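K.L.:
Here are the chains, one letter per residue:
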Amino acid sequence: MKLNNLTIKKARQGLKEKQFSSVDLLNACLEQIKSKNLNAFITVCEKEALTQAKQADELIKAGQDLPLLGVPIAAKDIFSTKGVKTTASSKVLENYIPEYDATVITKLKNAGAIIIGKTNCDAWAHGSSGENSDFGPVKNPWNEEYVPGGSSSGSAVSVAANMAIAATGTDTGGSIRLPASFTNTVGLKPTYGRVSRYGIIAMASSLDTIGHFTKTVEDSAIFLSVTAGQDKHDATTPPQTVPDYEKKLTQDVKGLKIGVPKEYFIEGLDKRIKENIEKAIKFYEENGAEIQEISLPHTNDAIACYYIIQPAEVSSNLARYDGIRYGNLRDSFGQEAKRRIMLGTFTLSVGYYDAYYKKAMKVRTLILEDYEKAFQKVDALITPTSPTLPWKLGEKVDDPLAMYLSDVFTVTANIAGIPGLTVPTGFINNLPVGMQILGPHFSEDLLFRMGHFYEQRHDFYKQTPYES
Amino acid sequence: MNHKVIIGLEVHVELKTKSKMFCECSAQYYGQKPNSHTCPVCLGLPGALPVPNQQAIEWCVQIGQALNCNIPLFSKFDRKNYFYPDLAKGYQISQYDEPFCLDGYIEVNGKKFGITRVHMEEDTGKLLHDGNSSLIDFNRSGVPLVEIVTEPDFNDAKDVKAYLQKLQQIVRYLDVSDADMEKGQMRLEPNISISLDVNSKVLPKYKVEVKNINSFGFVEKAINYEVERQLGILKTDKLPAQETRGWDERKNATVSQRAKEEANDYRYFPEPDIPPIRWTKEKIAELKAQIPELADEKSLRFQKEFGLSEYDAEIITREIELADYFAEAVKIAKDKTTPKQMANYIINKKININDVLPAKLIEEIVSSRKTEDVNIDELKSIVKKIITDNPKIKEDFAKGKDSVIQFAIGQTMRIINKKIDINIVRKIILEELK
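First to last, the protein sequences are chains A and B.
Numbering-wise (this note's numbering), the first sequence opens with residue 1 and increments by one.
Numbering-wise (this note's numbering), the second sequence opens with residue 1 and increments by one.
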């Protein structure tokens with residue numbers, strides 16, 4: 001097996017047992033990045049990563065044991081990295097080099113991880129396909145004519161194509177879960193506030209969550225154990241203790257109550273995906289879970305609510321790129337950013353605020369209440385992650401509304417702040433499909449347990465787009 | 001021309017917290033090297049997040065409590081969006097519809113003035129213009145700022161000045177700000193308009209905001225100037241323009257800075273990076289209990305407890321340092337001197353409390369009253385000589401001119417040249433004259 005195809009778990013094992021070095025592991029990843037032309041990275045930190053890998057090898061030799069010691073990890077290019085260009089995939093920040101590390105980057109480094117590079121994404125994380133990047137679209141390794149999903153497109157692809165062992169992402173309306181389901185990777189959107197946002201270029205502050213892509217659910221649990229927790233630099237991280245996610249993985253699903261929201265199985269959902277997800281639900285039932293149909297009545301209002309709150313916050317968050325400080329003028333903003341700045345500025349203006357923003361905030365409360373009621377009846381929910389399979393590059397670029405609708409199954413979790421985990425559930429026409437598991441606030445351990453149970457018995461993660 | 005002047009005030013006070021409002025940078029920026037007190041947060045770098053300063057929030061609440069405000073149990077921060085080069089994030093974190101303090105009042109010159117609100121916000125950076133280039137110093141960016149807004153209850157510059165002095169005194173008593181106007185720690189913005197209908201309950205259709213006022217003297221001048229200017233316009237049946245004007249110290253006049261649109265659209269919305277603040281009644285009560293005795297209260301107590309006149313008590317309590325000094329001196333004086341004598345001494349001799357410790361002060365007062373021993377025979381002979389040398393003394397005294405005694409005392413004291421008890425001198429003079 002090629003080293004770059006390893007999971008975090010296996011890589012750590014091999015490193016510990018000195019079957020290979022961190023430098024070997026890194027070189028395997030770097031080679032893969034060079035050999036595939038997927039545009040997944042904006043910056044590859046070859047030199048810095050090599051230095052870090054050598055240091056990791058020293059530490060391993062000295063008997064150090066850290067959860068990610070010597071493991072190459074990619075970071076979405078909206079995570080501030082000290083001394084390494086951080087562009088948000090926008091021309092506006094083309095030459096911006098942060099003077100500080102995001103809290104998550106600090107935590108990853110402290111856990112021994114090697115930052116292999118910065119991944120491409122939709123500019124400012126605006127998009128569902130990866131095509132809004134000012135540095136060209138990312139291609140789906142399962143079929144390069146197709147989109148990998150976005151906005152964390154490069155991170156998803158870096159893991160799917162075995163260019164990195166894991167990768168960070170951000171999820172504001174589905175930006176981790178959608179690309180995870182399009183690339184046969186595991187994507188976690190944690191509870192709002194579970195992982196610090198400090199140092200990550202803000203898209204919509206009340207919706208932004210910081211998660212990651214891994215090859216397995218187990219890796220996702222290991223990763224979250226490193227990144228989760230209260231941060232004195234982020235006032236929205238509560239003091240909730242971080243459980244040992246890895247330890248809690250192995251329980252079965254007997255007696256779990258799983259809800260299936262009927263609003264997610266409607267017209268517009270690809271029939272083949274519907275069948276695929278129903279099969280996964282059936283699997284849980286066969287293994288002792290109790291399946292209940294439930295209703296989330298405000299699901300239909302979610303996209304409208306999201307596309308008021310999100311651009312409003314975007315318009316404010318992008319105001320600092322005023323052409324004075326970062327070297328490029330405001331005309332360097334791409335179409336999608338301009339569209340959201342205009343939308344958000346409009347809905348926050350005097351005379352419109354009550355009709356749009358305030359109303360959207362009320363709908364937000366209703367959506368949260370939908371979930372609260374649901375979680376009184378069931379432990380977790382299972383839905384498709386995306387209503388459609390990955391689409392072809394260019395197919396929706398001229399139709400922003402169609403693009404917005406691709407987040408229809410994911411945005412509600414952001415509006416409510418609950419966690420969501422996407423787990424691969426197979427392939428249709430050689431394109432990946434994923435299911436979404438949703439749970440109450442701070443129930444990541446339950447999502448991992450459910451995902452892991454499924455994954456152990458299906459092994460879709462073992463399939464890779466290239467030779468293994 | 002019959003008219004009514006209507007003035008409301010917005011005052012900004014910089015708090016003297018150790019660190020800034022939303023980051024750990026030092027807030028003591030005055031006179032420091034430009035951009036030496038900065039970090040990703042106050043520079044507004046991509047990804048940086050604000051974490052509110054608990055101390056600053058509590059002080060803001062205490063200012064509100066000292067101004068008799070209600071403290072709602074729920075409050076939040078909002079973003080005020082506008083563009084200006086000194087505003088690092090493109091928005092200022094402020095408070096909009098749910099500030100920390102609401103509906104207070106203050107008593108000045110025997111009148112009550114309404115306090116609309118007291119809220120918390122962050123200061124901006126500072127632009128420095130140098131020839132053709134403009135530079136930005138972000139040291140001030142993010143320094144905690146409390147804004148105190150009054151009702152349009154003021155009708156003349158005198159009351160405004162008195163209010164501002166009282167406000168400055170309060171924040172200094174609370175020890176939350178030095179409120180030094182020259183250092184920009186206290187900034188005043190009066191909103192001035194004039195109604196020609198003295199009984200009208202409706203505000204005029206315009207108002208003029210005056211900025212750049214950095215002394216209490218200028219605020220009086222600026223208001224009086226504005227009243228004359230606006231009256232001049234109103235006399236021609238025109239309405240003064242709604243605008244922001246600046247006080248020009250050299251011209252001794254206000255000058256137009258920018259015309260105000262109907263209302264600036266700041267697109268306020270709740271700051272998503274800071275969770276709302278929820279107080280408990282206990283915490284509010286605790287903060288209130290921590291408020292020290294303020295000047296008005298202290299003055300009344302000094303009058304009652306120490307028998308000071310209202311005038312003396314007001315002077316002694318004007319600054320908390322002096323009031324504390326006085327109280328300390330009273331405590332250690334015991335029966336060596338009375339508080340009243342002490343107050344007189346401090347006020348008349350303009351005692352510098354930094355040079356004279358309270359114990360030393362009491363010593364001074366006591367020694368100033370001390371008399372030297374006197375030889376009665378010597379005194380008698382001096383008095384006799386004076387009366388002999390000045391026959392007019394006896395004549396005038398016979399005519400009932402008692403003031404002549406004072407003259408004789410003065411003459412005696414001059415010759416004897418010692419600090420002796422005047423009462424003894426007076427007694428001997430009277431004896432000799434009989």
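Since the hints were made in silico from the structure, they are not lab data.
Because the structure is a prediction, the values reported are computed rather than measured.
Certain hints may be false.
Claimed, not checked - Heads up, simulated DSBU-like pairs for lysine-lysine below, C-alpha to C-alpha not over 30 Å straight-line:
no.: 1; chain 1: A; residue 1: Lys107; chain 2: B; residue 2: Lys18
no.: 2; chain 1: B; residue 1: Lys370; chain 2: B; residue 2: Lys334
no.: 3; chain 1: B; residue 1: Lys166; chain 2: B; residue 2: Lys18
no.: 4; chain 1: A; residue 1: Lys232; chain 2: B; residue 2: Lys283
no.: 5; chain 1: A; residue 1: Lys232; chain 2: B; residue 2: Lys281
no.: 6; chain 1: A; residue 1: Lys82; chain 2: B; residue 2: Lys18
no.: 7; chain 1: B; residue 1: Lys126; chain 2: A; residue 2: Lys82
no.: 8; chain 1: B; residue 1: Lys380; chain 2: B; residue 2: Lys340
no.: 9; chain 1: A; residue 1: Lys359; chain 2: B; residue 2: Lys76
no.: 10; chain 1: B; residue 1: Lys161; chain 2: A; residue 2: Lys232
no.: 11; chain 1: B; residue 1: Lys161; chain 2: B; residue 2: Lys112
no.: 12; chain 1: A; residue 1: Lys91; chain 2: B; residue 2: Lys126
no.: 13; chain 1: A; residue 1: Lys254; chain 2: A; residue 2: Lys271
no.: 14; chain 1: B; residue 1: Lys370; chain 2: A; residue 2: Lys232
K.L.:
Decide, hint by hint, whether the structure agrees.
P.N.:
Quick rundown of the hints versus the structure:
1. Note on lysine 107(A) and lysine 18(B): the hinted pairing holds, with a Cα-Cα distance of about 28 Å set against a maximum of 30 Å.
2. Of the supplied pair hints, the one linking lysine 370(B) and lysine 334(B) holds, its CA atoms being roughly 17 Å apart against a limit of 30 Å.
3. This hinted pair checks out: lysine 166(B) and lysine 18(B) have alpha carbons roughly 25 Å apart, not beyond 30 Å.
4. For the given pair, lysine 232(A) sits about 23 Å from lysine 283(B) by alpha-carbon distance, which is consistent with the 30 Å threshold.
5. With a C-alpha separation of about 26 Å, the suggested pairing of lysine 232(A) with lysine 281(B) holds against the 30 Å cut-off.
6. Note on lysine 82(A) and lysine 18(B): the hinted pairing holds, with a Cα-Cα distance of about 27 Å set against a maximum of 30 Å.
7. Annotation: proposed proximity of lysine 126(B) to lysine 82(A) holds, straight-line Cα distance about 27 Å (limit 30 Å).
8. Between lysine 380(B) and lysine 340(B) the alpha-carbon distance is near 35 Å, which puts this suggested pair outside the 30 Å criterion.
9. For a cut-off of 30 Å, the pair hint linking lysine 359(A) to lysine 76(B) stands: about 19 Å separates their Cα positions.
10. Distance restraint check for lysine 161(B) and lysine 232(A): the Cα-Cα separation of roughly 43 Å exceeds the 30 Å cut-off, and the hinted pair is therefore not satisfied.
11. Annotation: proposed proximity of lysine 161(B) to lysine 112(B) holds, straight-line Cα distance about 14 Å (limit 30 Å).
12. Taking the CA atoms of lysine 91(A) and lysine 126(B), the gap is about 28 Å. The hint holds against a cut of 30 Å.
13. Under the criterion of a C-alpha separation no larger than 30 Å, the hint pairing lysine 254(A) with lysine 271(A) is consistent with the structure, at around 28 Å.
14. The straight-line distance between the Cα atoms of lysine 370(B) and lysine 232(A) is roughly 65 Å, outside the 30 Å bound, and the hint therefore fails.
Hint check: violations occur at hints 8, 10, 14; the rest are consistent with the structure.
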